[in-house]
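Asks: Here is how the chains run, residue by residue.
Number of protein chains: 2
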Amino acid sequence: MKTPLLLDGVEVSNRIKADLAKRVTALNEKGITPSLATILVGEDPSSATYVRMKGNACHKLGMESKKIEMPTETTTEELLATIQQLNEDHTVHGILLQHPVPEQIDERAAFDAIAIEKDVDGVTTLGFAQNAFNFAQYPSCTPAAIMAILDHYDLPIEGKHAVVVGRSPILGKPVSMMLLNRNATVTICHSRTSELEAHVKQADIVVAAVGRPEFIKGEWIKPGAVVLDAGYNKGNVGDCDYDGCAANASAITPVPGGVGPVTISMLLKHTVDAAERLNP
Amino acid sequence: MKTPLLLDGVEVSNRIKADLAKRVTALNEKGITPSLATILVGEDPSSATYVRMKGNACHKLGMESKKIEMPTETTTEELLATIQQLNEDHTVHGILLQHPVPEQIDERAAFDAIAIEKDVDGVTTLGFAQNAFNFAQYPSCTPAAIMAILDHYDLPIEGKHAVVVGRSPILGKPVSMMLLNRNATVTICHSRTSELEAHVKQADIVVAAVGRPEFIKGEWIKPGAVVLDAGYNKGNVGDCDYDGCAANASAITPVPGGVGPVTISMLLKHTVDAAERLNP
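Those sequence lines, one after another, are chains U and S.
Numbered according to the numbering used here, the first sequence spans residues 1 to 280.
Numbered according to the numbering used here, the second sequence spans residues 1 to 280.
One should not assume that every hint holds.
Restricting the straight-line Cα-Cα distance to at most 20 Å, the calculated cross-link-like pairs of lysine to aspartate or glutamate (EDC-like) are [as the list claims (entries may be wrong)]:
(1) S:Lys-222 <-> U:Glu-195
(2) U:Lys-222 <-> S:Glu-195
(3) U:Lys-201 <-> S:Asp-204
Just so you know, these hints were derived from the structure itself, not from any lab.
Please build the complete structure, drawing on both the sequences and the hints.
Replies: Following this line, the structure appears as C-alpha cells:
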C-alpha cells in the first residue's frame, strides 16, 4: 500500500497569499486598501466563526474587512437594502453574504442583489453562468480552490473522468462546469443517484461535496484516483472516510488543511482582483 | 429484436400547438398578437431556412413574426443597437437571434443584449443559470424540447443515468442541468472524452448533441436505453446511426420528425408565455 500524495491546502494557500501580499502592497502605495464586506445575519455560531476567520485572513494580508451583523429577524428587504448600500460604497471591493441566512429571507434574491463586479464569493446566478461558460471573473470560491489544488500539484484534468458527488449551486454544479471546461468528462451524482458506489468507482477524480461525514468510503475509490474532499463536518471530518480513501488514492486532500484554507485564499484573491479592477 | 417506441416529435409538437392556439385566441381577444422578432445576420442559406420555418410556424398559429435581416458585414455595435430597439418595442414579445452570426460579431455580447424577459430562445448567460438553478422562464428550446418529449411519453428520468454527448451553451450544458434537476445522474461527454463508447454504453438515457452525422453507433446503446437525437446534419441525418441505435433502444427519436419540430414549438410556447407575462 503506497502512501498517497498529500494535497496540502495550507501550502497552496500560502503560495497564493504570498503573491497577494505583493499586490496588496502595490495597492496600498496607490492609497487603496482592498476591502471585503462580510454580512452575517443571525447568530449561527459556525457562521460567526467562518466570518471571523475570513476577517482575520483579510487583516493578516493588510486588507480591510468590514463586518456587518444583522439580527436574526432581518427581512429580505432590509438585507437587500444593506447589500445595495455596499454595492454603491466605493471603499468596498467585495461582498460576502454568509450562508445560510435565516429562513424568512429569500436567499437567492439576496445573493443576486450583489453587484456582479463585487461578487467575489461567486454566488450570483449570473456569476454561475459566466463560470459555466468559462468567462467568470469570480468563480465560486470552493470550486476555484479545488481547481487551484489540482493545478498546484500539476494533476491532469483533460480526458479524465471526474465524478462530483453533490449538486449545490455554489459547489457541485460550478465545480462540474469548471472540470468540464478543462476537458474532463464529468458525472454529477447526488442524493437520488442509484448505484452511487458504482459511479464513484469509475472516477479518476472524485470531488466530494455532500455535506455528510465520511460518506464516501475507501472501497469506492479506484486505485490511483485523485480525491478532493470539500466537506467539513462536525468533529473536523470531511465527506470522505480519509484513511479508507487514502489507501486507494494516488493523491488526496486532508480535512482540515485541504480544500478549506484554499477556499479562503480564493476569496482574498478575488477581493484583491476586484480592488485592482475597480481602481485601474 | 423488438421495435422501439418511436418518440414522435410531430405528435408532441401538435399537442403543444393545440394548447397554444387557444392561448393565442385568448390574447387576440384582448387585442394582443404574440410577436416573435427574428434577426438573421448574413446570407447563410440554412440559417435563412430555419428563420423562415420559425416565421411560418408563428403565422400558422395566428402569431406575428417580425423579420429583421442584416447584411453580412454588420458590426457588433449595429447588432446590439437593433436588439436594444427590439427590447424597447412593446409590440415584440420574444427575440430570436439566429445562430451562427458572422465571425466579426461578438455573439455572446449579442445574445446577452437580449432582455431576459424576451429571451424566448434561452440563449442569454443569465437565462442559462436560471435554468441550471431550476427557475428559468425560458430554458433553451432544444433542451426544453428533449424534456417535453420525455414527459409526453412518460419516460422516467429520476434515478436514471443520462449521458449527454456535447457541451454547447445552448444544448449540452443546459440539457445536462435540466436532467440533473429532474434527479437524473448525468455524465457530460465531449470531443475530448476518452472512451466515449464506454460511457454511452452505461446510459439509460442518451442525448446526442454533437453535430456530427451518425456519430453515435448502434452498438454503443445499452439494450433498453432511451435515445434522443438532437442532431440535424446534411442529408437529413441525425447524430445517431438510427437503424443501429433503434435495434437496441427501447425508445428513440427519429431525424427528421423528432427533437426538431418540438424545438420550434417550444420557441412558440415561450413567445406566447412572454406575450401573456408582458400583458398580464
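Asks: None of the hints should be skipped; say for each whether it holds.
Replies: Each hint tested on the structure:
no., hint, verdict
1, S:Lys-222 <-> U:Glu-195, "17 Å, holds"
2, U:Lys-222 <-> S:Glu-195, "17 Å, holds"
3, U:Lys-201 <-> S:Asp-204, "18 Å, holds"
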